Amino acid sequence: MKPTQQNQFDKTAFQTSVKKHLGATYATTIEKASSRAWYLAMGRALAEITTFDMLETEQDTRIRNAKSVNYLSLEFLIGRLTGNNLISMGLYEQINDAMNELGQSLTDLLEEERDPSLGNGGLGRLAACYMDSLAAQEYPTVGYGLHYEYGLFKQSFEKGHQKETPDAWCGVEGYPWEVARPELAQQIGFYGHVEVYQDEGRERRRWVPGMSVKAMPWDLPIVGYQSETVYPLRLWECRAIAPFSLESFNNGNYFEAQHALIDAGNITKVLYPNDNHEKGKTLRLMQQYFHSAASVRDILRRHEEVGHSLESLPEYETIQLNDTHPTIAIPELMRILIDEKDLEWAEAWAICTKTFAYTNHTLLPEALETWSESLIQRLFPRHMEIIYQINHLFLQEVRAKWPGDVAKQQKLSIIQEGFHRMVRMANLCVVGAYAVNGVAALHSQLVKRDLFPEFNELYPGRLQNVTNGITPRRWLKFCNPGLSQLITDKIGDEWPAKLDQLEAISQYANDAEFQQQFMAVKKANKQRLADWVKTNMDIELDANAIFDVQIKRLHEYKRQHLNMLHILSLYHRLITDPDFDMAPRVVIFAAKAAPGYHLAKQIIYALNMIAEKVNNDPRVGNKLKVVFMPDYRVSLAEIIIPAADVSEQISTAGKEASGTGNMKMALNGALTIGTMDGANVEIREEVGDDNIYIFGLDVDEVEQTRVAYNPYDYYNADPLLKASLDLLLGDEFTPGEPGKLRATYDSLLDGGDPYLVLADFASYVQAHEDMDKQYRDVSGWAKKAILNTALVGKFSSDRSIRDYVNNIWKLESVKR
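Residue numbers for the sequence shown follow the working numbering, beginning at 4 and rising by one.
Where hints are given, some of them may not hold.
[Claimed, not checked] Below, a list of computed lysine-lysine pairs in the PhoX-like style, where the Cα atoms sit at most 20 Å apart: (1) Lys604 / Lys157; (2) Lys357 / Lys813; (3) Lys537 / Lys526; (4) Lys162 / Lys604; (5) Lys797 / Lys501; (6) Lys357 / Lys414; (7) Lys404 / Lys451; (8) Lys616 / Lys162.
[Said to hold, decoys possible] DEER-style ranges, computed between Cβ atoms: (9) Lys14 / Pro598: 45 to 55 Å; (10) Gly283 / Pro368: 15 to 25 Å; (11) Arg65 / Ser375: 41 to 51 Å.
Just so you know, the hints here were simulated from the structure itself, not pulled from any lab data. Computed from a predicted model, the values in this text were never measured in an experiment. Glycine included, every Cβ here is placed at the ideal spot set by N, Cα and C.
Take these sequences, add in the hints, and give me the full structure.
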């Protein structure tokens with residue numbers, strides 16, 4: 004059956020398939036089946052449709068002969084697939100009816116799905132949005148990631164502290180949407196040595212690995228919106244080639260018998276193993292190579308299978324590196340072309356440098372990946388030789404451009420000199436790619452000006468911009484059905500594929516009836532979130548209060564501690580100033596801190612302790628509530644984002660590459676309070692100064708302030724700031740245990756306040772006061788919220804993908 008041809012949907016056949024899977028796949032009966040069993044059986048029945056369409060897409064000769072993009076990312080934070088796929092397939096209502104007839108609620112069944120936690124944050128969610136938009140617009144694509152057994156940890160709180168437990172997202176039954184593709188498995192090597200040999204009088208080199216494993220692909224369907232196009236997200240799982248030694252087992256060496264199995268299984272055991280020790284670093288780099296090597300081999304397999312020559316690889320394939328994690332793919336492709344395919348260096352390098360493109364996601368020096376030369380040498384000896392040669396030839400270009408300038412050579416070299424020589428992966432990407440892009444206009448400008456100015460001079464035009472985007476299918480149509488229906492009633496139903504049509508909604512911004520309908524939807528979404536918080540956290544929230552939301556990874560540069568200081572300032576004023584008045588406010592956080600990031604975990608602890616006190620202090624009443632929602636993930640974001648009145652985007656200017664949470668909340672009618680950072684700059688351009696709250700230092704002011712910055716100057720000059728910070732020193736929030744929250748205090752004062760929290764505090768407080776005042780003007784606030792939804796059509800990931808297609812990838816859409 005064809006999923007988009009709704010009139011061809013055979014409800015009886017579908018119900019039969021669900022019942023078949025209940026019995027044959029999950030060994031239960033209709034009478035005894037749990038909700039989880041029903042969800043799994045329904046998922047399998049739906050996956051039969053998408054797998055069939057995926058195979059048809061894969062075999063379509065027009066697609067096989069068209070140019071494809073291969074999106075390599077160590078993270079794909081895809082979220083639950085079932086509900087989103089039903090919308091793309093055009094089957095949501097039909098499946099709802101079919102499951103109702105079987106005595107099941109689709110809404111309840113969708114809650115049984117655990118998020119595939121194959122990512123950490125914005126970078127992984129961006130990759131998922133891009134796959135959605137590629138399929139929606141039918142540009143040939145394959146996504147390549149890793150099939151982690153355990154995704155990013157499950158987060159809970161124990162006495163306010165973050166607790167991490169493994170997240171077995173697949174469950175014991177497996178994930179119903181994925182399908183194993185054993186016929187596409189690849190063999191991947193590690194360690195070993197380089198062998199020199201003669202071939203027809205020529206000296207040749209080849210790598211002889213000391214350890215080999217199997218890369219087993221699992222395909223997840225990326226369903227095109229209202230089309231029959233389904234592209235694969237191919238996730239590699241590491242398995243041992245000879246997983247078991249019967250001889251060792253029979254001799255009583257039970258552990259030794261499974262040694263290969265254990266070693267191989269570790270490679271895709273967990274997303275981002277803790278790498279603050281040598282074994283963790285080794286495992287992390289092995290993950291990166293395993294992913295890159297399996298993907299490159301699969302790309303070459305597809306290319307050669309159709310009968311294309313190696314020389315034509317750039318005409319048919321682009322490999323997009325999502326950040327530096329897959330950088331080792333560059334020397335890997337060179338190794339295959341030279342050592343296995345017998346090409347000359349110049350020929351191989353010409354192919355390579357026309358095939359790779361690289362997305363830079365950070366300006367933070369500590370986030371630019373480097374790997375020790377000795378570790379790469381040990382794990383991949385042939386690749387290290389190739390990196391040396393790439394660098395040697397590249398430095399010849401640098402010397403030709405800047406003769407005698409040794410400082411330039413040292414700065415641009417792929418090899419960083421020092422006590423431990425390091426390989427700079429970002430430099431290798433810029434040298435080995437034909438295009439490098441930042442992810443917001445400001446970010447790309449800073450990449451050219453501050454991060455890679457010499458590269459920009461050496462390779463004019465190579466550094467470009469593609470502003471990030473979000474898929475409107477998941478981040479409005481699916482997660483906010485009330486608002487989606489309201490929009491459809493006004494402007495028709497084409498907007499999920501043409502988000503710029505939302506601009507037509509702006510004509511209703513002053514319409515009293517539409518304002519009322521819009522805010523009624525917002526209120527319902529806030530009540531849904533309040534119900535979740537009551538059920539899961541036993542905290543009562545008033546849906547009439549301002550819902551002030553900060554959701555993202557916990558990191559100093561994202562400045563959750565600036566938000567915390569504002570909460571402390573409100574608390575201080577509420578209990579000390581009888582004349583202080585504020586609109587009731589709920590401040591909502593959701594964030595995970597990296598397991599090894601001590602200060603980030605201390606900030607979580609402080610926020611939880613502050614919440615405990617504030618929420619139960621009779622002097623505060625219902626004026627202020629603080630909620631830190633545990634285990635932030637895509638499905639939680641789908642509840643929080645439609646409920647947000649205020650979107651906190653408060654990173655230090657120049658530190659956030661783009662952000663996508665800012666786009667999601669604005670699209671759902673939240674007003675941004677933010678710095679001139681990342682995509683906030685472009686959101687301001689789209690929605691206008693009157694509909695966003697900008698505060699704080701801009702990029703140039705940040706640099707000027709840093710020169711002689713002393714946080715104590717701000718602390719001593721601002722009584723409200725001092726009073727707020729000092730609350731962290733006593734036992735106000737940790738009765739009988741003074742000083743337990745002082746980690747943040749120390750980092751901001753004695754630690755030098757590296758992200759200028761105190762410098763921006765007064766401006767932030769003022770912006771909040773302006774916003775508080777505006778919220779009380781119900782009609783004025785509604786107008787601003789409507790305009791945010793109406794004017795952010797630019798931030799669709801469909802537009803981002805078209806920018807890539809037109810400026811970097813040069814693809815043609817293939818309609819099925």
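Cross-check of the supplied hints:
1. Lys604 / Lys157: This hinted pair holds, its Cα atoms lying about 15 Å apart.
2. Lys357 / Lys813: Distance ~12 Å between Lys357 and Lys813 Cα, so the pair holds.
3. Lys537 / Lys526: holds (16 Å)
4. Lys162 / Lys604: The hint holds at about 13 Å.
5. Lys797 / Lys501: holds (10 Å)
6. Lys357 / Lys414: violated (24 Å)
7. Lys404 / Lys451: holds (18 Å)
8. Lys616 / Lys162: Holds, because 13 Å separates the two Cα atoms, which is no more than 20 Å.
9. Lys14 / Pro598: 45 to 55 Å: Since Lys14 and Pro598 have Cβ atoms about 47 Å apart, the given range 45 to 55 Å holds.
10. Gly283 / Pro368: 15 to 25 Å: Holds, since Gly283 and Pro368 (Cβ atoms, about 21 Å apart) stay within the stated range.
11. Arg65 / Ser375: 41 to 51 Å: holds (46 Å)
Checked against the numbered hints given earlier, this structure breaks only hint 6.
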